[in-house]
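Participant: Sequence:
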Amino acid sequence: MVGVVTMGVLLPIVLFLLLGLSTFSQFLTIAASTLFTWGIADMLTSLLSRPRLKDRSPRALKEDWERRSKE
123 MVGVVTMGVL
133 LPIVLFLLLG
143 LSTFSQFLTI
153 AASTLFTWGI
163 ADMLTSLLSR
173 PRLKDRSPRA
183 LKEDWERRSK
193 E
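Just so you know, the numbering used here puts 174 at position 52 of the sequence shown, and the rest follows in order with no gaps.
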């Protein structure tokens, strides 16, 4: 809940004021884009926190990818 308030309200207000924007639609655009970005980042972190991918080096992930693509 804190993330939604921060990313959906507080950050867009700060960006809106710092960028000197003036219309409500510009504020809604900033709010939607920050919420979308936060959602994508949250999804990616949940994917990468799976036990199968924990403590794996990029090289090991690449080798797994290449091996699976050959199958």
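Worth flagging that the hints you see were computed from the coordinates, not collected in a lab. Using N, Cα and C, we set each Cβ at its ideal position, and we do this for glycine too. Among the hints, erroneous ones may be present.
Pair ranges (Cβ atoms, derived) [unchecked claim]: (1) Val126 to Ala182: 31 to 37 angstroms; (2) Leu170 to Phe146: 35 to 41 angstroms; (3) Ala163 to Trp187: 33 to 39 angstroms; (4) Ile135 to Leu169: 26 to 32 angstroms; (5) Ser144 to Arg189: 32 to 38 angstroms; (6) Leu143 to Ser168: 31 to 37 angstroms; (7) Glu185 to Leu150: 30 to 36 angstroms.
Participant: Please go over all the hints and tell whether each is borne out by the structure.
Facilitator: Right, here's what the structure says about each hint:
| no. | hint | result |
| --- | --- | --- |
| 1 | Val126 to Ala182: 31 to 37 angstroms | holds, 35 angstroms |
| 2 | Leu170 to Phe146: 35 to 41 angstroms | holds, 36 angstroms |
| 3 | Ala163 to Trp187: 33 to 39 angstroms | violated, 22 angstroms |
| 4 | Ile135 to Leu169: 26 to 32 angstroms | holds, 30 angstroms |
| 5 | Ser144 to Arg189: 32 to 38 angstroms | violated, 55 angstroms |
| 6 | Leu143 to Ser168: 31 to 37 angstroms | holds, 32 angstroms |
| 7 | Glu185 to Leu150: 30 to 36 angstroms | violated, 45 angstroms |
The structure does not agree with the numbered hints 3, 5, 7 stated previously, though it agrees with the rest.
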